[in-house]
Amino acid sequence: MNKGGGWRSLLLDGGQNAHLVTLVRSSTQIKNVTIFFMFFMILYAIMGVQLFGRMDYHCVLPGTDPSNVTIADLAIPDTMCSQKGQGGYECPEHMECMKLDMTAHAEGFYGMFDNVVASLFTVYMAASQEGWVYVLYDCLDTLPSYLAFFYFVTLIFFMAWLVKNVFIAVITETFAEIRVQFSEMWQTKEITSEEHLRQKLEKCEDGWRLVAVDSEVQHPNAPKLLHKVVRSTSFQILMMMLVLCNALINASFVYRHDKTDEPRKRIYYYIEIVFTIIFNIETTVKMIAYSFKTYWKRGQHKFELILCVGSTLNLVPTFHQGNYFTYFQVFRIARLIKASPMLEDFVYKIFGPGKKLGGLVIFTVVLLVITSGISLQLFCYVPKLDKFRTFPQAFMSMFQIITQEGWTDVVVEILRTTNTKLVFCVGMYFVGYHLFVTLIVLSLFVAVILDNLEMDEELKKVKQLKAREETTCMRTTLPGA
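Going by UniProt numbering, 385 is the number at position 385 of the sequence shown; the sequence numbering is gapless.
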């Protein structure tokens, strides 16, 4: 018996080979773009060491001890400098340019080009376009300006605009290929539920479209006139106008911070009661006209019902004063999306059924919770560090790194309070976390949105069948056919 027959037959299978080739090619692309990214990182790190090196010269008062500098000895603001004739900033007459003996903890790590490791850290943080201008200013004050301008302009162009976007594009394309290959490999004939089959093909101004016909299902006990009114264009326009009117009234309130606020808020409260009653009546009428089972099948009706329940609870005085359910009242304006078919289609394409984008949001939240818990355990005992004392503080710190808003300040503050021997490991931890969330997670969001923007395969097949049917009809009517 040939023991290698099973493996040989697997390798000879053309379909399996295609999947394996795609996976290998995808991993190769990721490896290549990673090498591409690391090449520019190392290149600019070495350039930083060669061009700038250790920048220790500051403007200080005469007689300052270089080994024991206080804030009172420095210029306001603290300014780096160069000796006269070296092309950098020259200190005022009442101050002198002195080389200070400061540790990396005192300097703050960011903006240092002392060695390749410190330079790599500075290059990566500058490539995130957060706080890099302050490093540029220090370089301009220390050395001739053309060196700093050349270095940072090219760094931002290659690292922030080119390399990172290439990384995102390759990962997005790779995920798309892997998704397609595995969907073909694991494709099964699933039984589609009856509610998904309740669609029909209608010819619109922009071509053939699949439209839901659940709204046409009439309950046997429902009055025909009521069903006809609910489905009429006039009724829908009227409700859209009421939603718009409600939004404009809510937006017209102005806080003057005087005694007139409370009486005017009471008037708006009574107006809101009227609108809530109207929209509750609308929901009740639709339930009667369609029957609750048919009504509940459509996502739009579920959304309207949730808004009605939340808006009704918002009318309770205790809830109204605490603004617990005000969001339901505000989100009524989302119904205006139905007023523009083009906007409605675009929003549906972006968000899709909600499963993929919702799953990705859940994945991001879970990732944030896990990393916050890990960071809490690692840094909660660090003295003079208040960002990880409790889980909410750790959660907000890790979330701030995801948003990239002032994330360099968070990392620098953590590094300055960390033991000197652990600075490298802590820096790698936060740089790796930032790299993952800004490239991998961001690429996942881009991939999901691109996938939602693609034309639905079922609709594409229906269009092809309809076109083939029209072509067949034309051939049968031609003379001599």
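Just so you know, these hints were derived from the structure itself, not from any lab. A virtual CB, placed ideally from N, CA and C, is assigned to each residue, including glycine. Where hints are given, some of them may not hold.
Between beta-carbon pairs, the in silico distance windows are [to be verified]:
1. T34 <-> I337: 35 to 43 Å
2. F157 <-> E96: 55 to 63 Å
3. N280 <-> K338: 14 to 22 Å
4. K421 <-> D261: 23 to 31 Å
5. H105 <-> F157: 27 to 35 Å
6. V446 <-> Q86: 26 to 34 Å
For lysine-lysine, the following DSS-like pairs were computed, each having C-alpha atoms within a straight-line distance of at most 25 Å [as the list claims (entries may be wrong)]:
7. K355 <-> K297
8. K302 <-> K224
9. K228 <-> K164
10. K302 <-> K265
11. K297 <-> K224
12. K293 <-> K355
13. K259 <-> K302
14. K224 <-> K293
15. K302 <-> K356
16. K349 <-> K297
17. K356 <-> K338
18. K228 <-> K338
19. K228 <-> K293
20. K349 <-> K338
21. K384 <-> K338
22. K355 <-> K302
23. K338 <-> K293
24. K228 <-> K349
25. K387 <-> K356
26. K355 <-> K338
27. K297 <-> K356
28. K99 <-> K84
29. K297 <-> K338
Query raised in the report: Which earlier hints turn out false for this structure, listed by number in ascending order?
Result: 2, 4, 6, 9, 10, 13, 21, 24, 25
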